[in-house]
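Engineer: These protein sequence lines map, in sequence, to chains A and B.
Oh and the first sequence: position 211 is 211 in full-length UniProt numbering, straight run, nothing missing.
Oh and the second sequence: position 581 is 581 in full-length UniProt numbering, straight run, nothing missing.
Don't take each hint at face value.
When chains are identical, the list treats them as one kind, so a pair holds in a single copy or across two.
As the list claims (entries may be wrong) - Derived pair list, reagent style BS3-like, types lysine-lysine, alpha-carbon separation capped at 30 Å:
1. Lys-377 / Lys-69
2. Lys-291 / Lys-329
3. Lys-673 / Lys-639
4. Lys-346 / Lys-377
5. Lys-191 / Lys-675
6. Lys-402 / Lys-27
7. Lys-377 / Lys-243
8. Lys-291 / Lys-69
9. Lys-658 / Lys-673
10. Lys-273 / Lys-354
11. Lys-402 / Lys-664
12. Lys-329 / Lys-377
13. Lys-291 / Lys-377
14. Lys-591 / Lys-49
15. Lys-93 / Lys-299
16. Lys-679 / Lys-658
17. Lys-591 / Lys-658
18. Lys-329 / Lys-48
19. Lys-137 / Lys-377
Calculated directly from the structure, the hints in this document are not laboratory data.
There are 2 protein chains.
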Amino acid sequence: MRTLFVSLLVAQITFAQAQTIHSPSHKLALRFALNAAGEPTYQLSHGKKTVLTPSRLGILLKDQAGFDKGFTVAGIDSSRHDDTWAPVWGEVKQIRNHYQELAVTLRQAGAQNRRLVLRFRLFDDGLGFRYEFPAQKSLNYFTVSDELTEFNLPADHTAFWIPGDYDTNEYAYTRSRLSAVDNRPVVEAGKSIAVRDAPDAQAVATPLMLKADDGLYVNIHEAAQVNYPAMQLHVDRATHHLKAQLVPDAVGTKAYLQAPAHTPWRTLVVSDKATDIIASKLILNLNEPSKIADTGWIKPMKFVGVWWEMQIGTGTWSYADRTDTLDAKGQLIPHGRHAANTQNVKRYIDFAAKHGIQGVLVEGWNTGWEDWFGNWKEEVFDFVTPYPDFNVTNIQQYAKSKGVSMIMHNETSGSVTNYERRLEAAYDFMNKHDYPAVKTGYVGRIIPRGEHHDGQWMSNHYVHVAQVAANHRVMVDMHEPVRPTGLHRTYPNWLACEAARGNEFNAFDPAGNPPEHETILPFTRLMGGPMDYTPGIFKLKNHVPGHPERQMHTTLTKQLALYVTLYSPLQMAADLPENYEPHLDAFQFIKDVPVDWDDTRVLLAEPGDYLAIARQAKGKDEWYLGAITDEQARNQEVKLDFLKLGQQYEATIYADGKGASWDKNPEAYQIRKQKVSSKTTLKLQLAAGGGTAISIKPLR
Amino acid sequence: MRTLFVSLLVAQITFAQAQTIHSPSHKLALRFALNAAGEPTYQLSHGKKTVLTPSRLGILLKDQAGFDKGFTVAGIDSSRHDDTWAPVWGEVKQIRNHYQELAVTLRQAGAQNRRLVLRFRLFDDGLGFRYEFPAQKSLNYFTVSDELTEFNLPADHTAFWIPGDYDTNEYAYTRSRLSAVDNRPVVEAGKSIAVRDAPDAQAVATPLMLKADDGLYVNIHEAAQVNYPAMQLHVDRATHHLKAQLVPDAVGTKAYLQAPAHTPWRTLVVSDKATDIIASKLILNLNEPSKIADTGWIKPMKFVGVWWEMQIGTGTWSYADRTDTLDAKGQLIPHGRHAANTQNVKRYIDFAAKHGIQGVLVEGWNTGWEDWFGNWKEEVFDFVTPYPDFNVTNIQQYAKSKGVSMIMHNETSGSVTNYERRLEAAYDFMNKHDYPAVKTGYVGRIIPRGEHHDGQWMSNHYVHVAQVAANHRVMVDMHEPVRPTGLHRTYPNWLACEAARGNEFNAFDPAGNPPEHETILPFTRLMGGPMDYTPGIFKLKNHVPGHPERQMHTTLTKQLALYVTLYSPLQMAADLPENYEPHLDAFQFIKDVPVDWDDTRVLLAEPGDYLAIARQAKGKDEWYLGAITDEQARNQEVKLDFLKLGQQYEATIYADGKGASWDKNPEAYQIRKQKVSSKTTLKLQLAAGGGTAISIKPLR
């Protein structure tokens, strides 16, 4: 008996205080350790390269001791996972989920004897880890006051960053060393962003893209951000250490949790090839499977819309000049520039029907736009009352007769309490009038006042909307939400988000989006999920009447290439029908390009410089290729070795025209056809700010 | 031309910078004046007595100049108003609205040239005034950061006060000189109040009851508090000056307004008779008429309910011990003490039917009570899912067969975002299951986090609920809302509120409600509207098993008298059926007493001491009289000269029994009948903490 006792005792105290695991192919190694103070730390290496030096882990709580120190290891679980799953829609038909897992159960000394589990999943392309708070006697409700997670980088990497702002992700990216991060001039310059709140000059948003001088690429973000605020990163410019910084709530705390609970996954995607970063499915793998049982009604689509004319100022969302511009009967007197009128909408329906575009979005269809923005007003829109010149029934019948789907628009102006009150009515209205999809908007300071777009409360709101929409069989495209973290796996009706600086800034912001912008987005914002960037602008200069100084920052064919390089199951052809009419030969690419794919190959990639991606259409032996560059003209070669061996194809190549450049001559393009096969190497000539789009279809 | 110019100029500058008006019978005089700095001030006198010395008026705004100084008088409007209106229900059949109005238009010098209107309405029993912000070029949206309104009292009056708490009005009253106001010990002692937040030790709530040494009674409150936070009062103990202090929102500001807008009315009810204070209809007169067109479905009523047994701890709201007390099928395992079970509910229905009580309230009928309180949890109740042992359909059918109405209960636990999301579903459920009324509850810290029960956002919420309820033809009784300000005139389906320290404190709070409590309530909380005090407790000692130290602080017949002295159109007979059964002779008074009246006479009153009120039943020549005292036994005479001349009546007198006293012998009572007429003077003998209830019915 005595022997047994001793051996049990030994077993209890012999849990190593440090553990190392390797990714399935041993590309990455993770070491977990407790330091002398019982503080958990982790470090990560990629071959011989250090990704992270020892970095602290921990969570501080309000009104009670934190989960930060005094730990011992009480249990170690390590296991291998390998399976494959099929997304409802996406860039590839199947996704392999292959990782080594390490779950460390930590115990704190003292009367409370609390437990915390740190769960690590180490993939060949990166790491995910999260904090788990098991149900236990001494932990029920708790409030997170700070998260101590560090990402201690070994050197002064180059970073592609936007400010860590509680309310927006709509900044242009800055490329700088970590030691030079200072978001104040960026925030100051962001005057056309509706709401900015970035109190920490050294905070940056995630996804944060980093490149080490030794060629290693590291992307830091999170997965499955549910019931927890967004994580931003505070940069210690001297040490290159990053620390998690959670978006606060109205009273300055961070998250209200009840055990059992867990944080989102903190993610690092790591590779010495930039193409691997974009191709990674790590974030999707860390999300939960679909909560929607029947997904047959969820259909990716392209759409046009009554929208760009408001961005360029030729039409308005509003119907009258002011709320008090009333006639003798108390009715609004129209100012005559309201874009969402029945006749104009039908013009878009006709255009969509003619060109096989599935959807038509209409913004400004509902009352409230005379006074909707900027005053923290709670009662703005009711989401169900059309303006007098928008005949919802007539439009719906007309669209149906043409085989076109109408896309609803619900702008909340940030008044989320008002939207939540009216949510069921709004989605009932969509069902009644046969809208299969809705674009939501959150332009403005949030109500509940004091809450932020990216805090816990709003994060829960977005999920709530996705769920309510699913209940109503409505697909959602959210504008101005928190940036995505792969939740479209769990809610596949949540097709896309904006949550970044979209093409629209080229209409209303004097600086617009610099030519490198779209080469950075896949490495940052798109790591978490699809973006409704609204590409496809064909009129690239003098598109904003009265503002000759404004222009798009791409060539025309780069706009085409974006349909491939910026993946989304919901893609707008954003320009006006009259701007497409003179270029129907180029528009053919937009008509052809799918929004759902069986396969994706990232051929060339360098953040801030260039990108070439090829994708195979869902269920077809057709491929589409998009190649883009920044402000540098480039000649590039792409091998078509992804094509089926022995099959001949016809490639239609939409390329920058002679003398094209984004700034001087953006609308010059040439279209040529060429026979290609898996043996072909194409030479692409990209103009400054240019791009090439290619459709590749099999020859009989 | 020159002459005309001059005379216009003179006309412009000859508005007096001071104005005095008198109330219709010249009882009160109000003087408005601008001081040298152009700051508006007002003062009020009652005959030769000073009510207020010159007191400042003004509003400060966030991010722009305030409406506080630099004013000149730009217009004066004075007019007399006199009409009579009929409330849907109430203490009297008709109400006269008779006042002298003074509207002063003020203009600020400078480029903005802004206008502000101060509107005063001077009644013979008091003053109402408010700030009005007209629509004007230089004012659209604005945010109130502070209200400067002062009530400068001429002396160190005696005050009956509770702390100025942002989240509760459930304190016992303190009687002290203004110079002695310090709410800290009161807040500290209020441990059984769910949420306390009183950061200013010298702030008191309104209605504030004051008594001057010269015998003048002054009550300060507000009327029609809509879209504005509750006003509390900061007491300058040295000067006896009071200053408005608005309950802040989550970000520390006070009110978000858009011109045209106005504040609630600030009210002073003034008389040298305490009885006049209680009888005043000034606050109702300052509210808007009913917004509900068809009010035929609104019916005052009495009710019993599955409720007191939870207060005394013999039953529970919850069904199981914990949320995770589950059987193998994942169903909650009942602990067997759940009060809202079908069988027990039917017992109450039977009791109500037998005794002609119209309604039965059931709390704890719906899932969520295992874990509902104290953790700022957002998702608690769904308001539509009954516990397994509460058969909503069966109960509804049974009640209907007995002619009894079920009263719904919606406890929000302060999670108002959750309630608003589910509001339509909750009221649809009531309609579907034929509930004509609902008791709502707000126990807990408010979500949206950082908002307070008494701030602008929540004030709008309560009105929103009243409106939604009206849309569904449901009557509302709100517990833990902001204290009322007469809005039941505008929303007559908003029958009652708690918003004060109810009878329940005698069950769960060791101190309970002191005997004087109910003699103060009509001078304070009830000035704004009816209270659901839940009187009628017959078991007055040893009513809380395991807590022999707790007891009610009245005698039995004082509980009866409360049905008259504490007016409400919704009155509970709060005790258990088994506690009524031994005293059905006394219970007869509860069966008889109406909840709607044609006339009311306040016969005797002194705040904190005693009260006697007689009321005439709606549409009948029946009178009911309630007389109560504080901890002092009293002999009082009441003249029945309100009875019809020449008519003989039979009075049934429910009086304290011999040797009765609240603390030693509370359940001793005697019932006697006596013939009375308008010539009769009754001699009442009230025990310590006692009371007398009398029904007076005409003899044929």
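Engineer: Each hint needs a verdict: does it hold in this structure or not?
Structural biologist: Hints, verified against the model:
In the homo-oligomer, the alpha carbons of Lys-377 and Lys-69 lie at most 30 Å apart only across protomers (27 Å), although the nearest pairing inside one protomer, at 45 Å, exceeds that limit. Taking the shortest Cα distances, Lys-291 and Lys-329 sit within 30 Å of each other only across copies (22 Å), while inside one copy they are farther apart (50 Å). In this assembly of identical chains, the alpha carbons of Lys-673 and Lys-639 lie at most 30 Å apart only when taken from the same copy (17 Å versus 109 Å across copies). When the C-alpha separation of Lys-346 and Lys-377 is checked against a cutoff of 30 Å, the pair qualifies neither within a copy, at 33 Å, nor between copies, at 48 Å.
Taking the shortest alpha-carbon separations for Lys-191 and Lys-675, neither the intra-copy value of 49 Å nor the inter-copy value of 84 Å comes in at or below 30 Å. Taking the closest pair of Cα atoms, Lys-402 and Lys-27 never come within 30 Å of each other, the shortest separation being 54 Å inside a single copy and 77 Å across copies. In this homomeric assembly, Lys-377 and Lys-243 come within 30 Å of each other (Cα to Cα) only across copies, at 28 Å, whereas the closest approach inside a single copy is 35 Å. In this assembly of identical chains, the alpha carbons of Lys-291 and Lys-69 never lie at most 30 Å apart, being 36 Å within a copy and 60 Å across copies at closest.
With identical chains, the CA atoms of Lys-658 and Lys-673 are at most 30 Å apart within one copy only, with a shortest distance of 17 Å there and 112 Å across copies. Taking the shortest alpha-carbon separations for Lys-273 and Lys-354, neither the intra-copy value of 43 Å nor the inter-copy value of 84 Å comes in at or below 30 Å. In this assembly of identical chains, the alpha carbons of Lys-402 and Lys-664 never lie at most 30 Å apart, being 40 Å within a copy and 86 Å across copies at closest. When the C-alpha separation of Lys-329 and Lys-377 is checked against a cutoff of 30 Å, the pair qualifies only within one copy, where the shortest distance is 26 Å, while the shortest distance between copies is 48 Å.
When the C-alpha separation of Lys-291 and Lys-377 is checked against a cutoff of 30 Å, the pair qualifies only between copies, where the shortest distance is 23 Å, while the shortest distance within a copy is 34 Å. For the identical chains of this complex, Lys-591 and Lys-49 are neighbours neither inside a copy (45 Å) nor across copies (86 Å), given an alpha-carbon limit of 30 Å. In this assembly of identical chains, Lys-93 and Lys-299 lie within 30 Å of each other by CA distance solely inside one copy; the values are 15 Å within and 64 Å between copies. Taking the shortest Cα distances, Lys-679 and Lys-658 sit within 30 Å of each other inside one copy (27 Å), while across copies they are farther apart (113 Å).
For a Cα distance limit of 30 Å, the shortest separation of Lys-591 from Lys-658 inside one copy, 24 Å, qualifies, whereas the shortest one across copies, 97 Å, does not. Proximity of Lys-329 to Lys-48 under the C-alpha cut-off of 30 Å is found in neither arrangement, the shortest distances being 78 Å within a copy and 52 Å between copies. Taking CA atoms no more than 30 Å apart as the test, Lys-137 paired with Lys-377 passes between copies only; the shortest distance there is 19 Å, against 44 Å inside one copy.
When each numbered hint is compared with the structure, violations occur for hints 4, 5, 6, 8, 10, 11, 14, 18.
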